[in-house]
Amino acid sequence: MTPTPAPGRRTPLARLRGPATFLALLAAALLLLPHLLEPFRLNLLTQYLCYSIVALGIALAWGRGGMLTLGHGVYFGLGAYAMAIHLTLAATAADPLTRGRLPQFMAWSGRTELPWFWQALTHPAAAVTAALLLPAALATLLGWSVFRQRVRGAYFALLNQALAAAFVILLIGQQHLTGGSNGLTDFPVFAGHSLYTPTAQTTLYTLTVLTLAATYLLLRHLTHSRYGRLLIAIRDGEDRVRYLGYDPTWAKTLAYALSATAAGAAGALFVPVMGIISPTLIGVVPSIMMVLAVAIGGRDSLAGAAAGALIMNTAQTTFSETFTGGWTYLQGALFVVVIALAPHGLAGLAHTARAALRRPRTPAPAQETATAGSTP
Amino acid sequence: MARTRPRTTPLAATALALALTATACAPAGTGTDDDTVTVGLLHSLSGTMAISEVTVHDAVQLAIDEINADGGVLGRQIEPIVEDGASDEATFAERAQKLLQSDGVATVFGGWTSASRKAMLPVFERNDGLLWYPVQYEGLEASPNIVYTGATTNQQIIPALDYLREEGHTSLYLVGSDYVFPRTANQIITAYAQAHDMDVIAQEYTPLGHTEYSTITDDIARTAPDAVFNTLNGDSNVSFFQQLRSAGVSAQDTPVLSVSVAEEEIEGIGADNITGHLTAWNYYQSTPTDTNTGFVEAFTDAYGEERVTSDPMQSAYNAVHLWRAAVEEAGSFEVADVRQALDGTTFEAPEGTITIDGATQHVVKTARIGQVNDQGLIDEIWSSPQPITPDPYLEGYDWAAALTG
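As given, the protein sequences belong to chains A and B, one line each in that order.
Take any residue in the first sequence, note its place counting from 1, add 8, and you have its number in this note's numbering.
Take any residue in the second sequence, note its place counting from 1, add 35, and you have its number in this note's numbering.
Hints in this document: simulated from the structure, not taken from any laboratory.
Any given hint could turn out to be false.
So the derived list for chain A, only partly shown, Cβ under 7 Å to chain B, looks like this [claimed, not checked]: (1) 188; (2) 219; (3) 283.
If the Cβ cut is set under 7 Å, some of the chain A residues that face chain B in the computed set are [said to hold, decoys possible]: (4) 40; (5) 116; (6) 126; (7) 180; (8) 182; (9) 193; (10) 197; (11) 205; (12) 289.
Computed from a predicted model, the values in this text were never measured in an experiment.
We put the beta carbon where it would ideally sit given N, CA and C, even for glycine.
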């Protein structure tokens, strides 16, 4: 028999349960799955986990900070393109036939020299730094300027979405700089290592799992700090927080920028895993799917959001492989059912279920029992 | 007001997802056994491209049924594994990988957009697979792991320009959707125009799916070019041709030459909006060959009298037959053996006899200019004097030297 924990205090055992589960999952993911899954499935799982990293960031900005962001594809895309540009340069340099020449699409578009921002990404470290800093910088700039003006709610969401749409048009229109609608593809090497070996794929998987775990721990630490409570207070009553003497602008900007950085990191990991980045992967629809994954998983819970992305993408692949003809209906039905039955997502559902199990069993009032019994 | 969840978070959900992923791990495919050989069919069956790609998918299926009825390939029945590219490049790459690694298919027929082909290319090269790509495209590619059964630029765009020049149309207005094919096509057109004393009056791009063309059609009416070169894709053509007609531009004065409008699209545009305008392809439903009569009949028998056949469908249909011929020539399903046998493989196709050029893995084919009639079909009015050897990098054209860099 387990003693009922006093409210507000948890037994040492209960306090250990969270970290223990976390470590067990991490160990299973790192040690077990690479042996259980065939390479193709491991590659798919890595892609999904990249989306889980995005989901963690969105859970912070939207779940905690109340900033509904419908344009996270932009930040994912900035990280992805920074990495993809570097990998394209690396691929050009690695092939003796193309060494010293421009990437093919550029030469064909009439360019005679490498644009400055391509040159800047020649070094792998520069690419990784840019993948993290560019999204952070753009989000800080955008966040600071709109939160200061007290733009929020639907207006903020629409602004984000417009940003995603504009970013896609820019990428397509500047074909000579970005590869246009075809995007960038075919990345055989990173920092002198082939990306096409099974070892490389396992390494990318491990790296993605570790990034996901680190992001989770960092954001979890933040949300449980004073700052986390301030963020929730801002979400639930921004004006009241303002009256209390806090300036919500910096708190919101920080959460938004962190969330963008997570998306940038995910994008940078996604590119070598997937082998392609193109405007359709980061536009309005993918941005909405990123938010949808968080809604399904539960935006109030970091782990729920990460699981939501994993479940949504797994379901999508499974449905589409099994029911090639009508899988989109199944996917739509999944969204409707989850959102209708579990407005707080799967995490909310799990929480309710656990609370129901834990509730001390007091005998129900006699009358209620009788009524229930008489109901046919 | 939303409540903050306590920190006991649903790790169970994560575990469930991991379990789901693990169970989704199907046993590796067998590829071929003694009676059957599996091939992949990878087109968009959902999403914006489905309307076009489903027709190509149907044509591939028809070819497979024909071959199976005829005894199969090397005595084996073809068993297609159908996957949905979902109009999304990442999905194309992902499914290509599944077909090659998990299912171990002998070959894959698939793709439509350039982006989907670019996404699949590294997957096929990495796994040494063989992809049959059925759509005319912007050239500049010759992967040893892809066979291109549609036209490259010197088999469609350049002959179309030759035709316009022969007809004395020297000022051109360029309209296109904003993506790689139109932009590349227009670069070729501009270089060609410069070398041949032609004028490019304007170059306009609109996003895919755009429907508001009155500014452009008014501009065409005002500038009165000799011809319009149209690289718009999909639904945009419907709006463009309707609004062009409203602007009072007639096919007699200013013919529009389209490179992405086939029989299938004319249905949507409405024959009366486009009658008299021009198209450039290598095949039309009306192409007068015996094989074509049989092909159109077989297709309408299988899918309904109202269905039409188009160039990409025919190229996809040819791909299956060319693959069969190459496999039987090689006496093997192995990609390396089949590739050896590709050069010179011919097929009596609906568009006429076609031959694979081994050096580029493209198909030698005749270019045809057609004019839309009031039945919504296309009548051939010009064809290249002989079948054109594919030249995806335009190495045989001096004026294109500056383009390829």
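Any of the earlier hints contradicted here, and which numbers?
2, 4, 6, 8, 10 and 11
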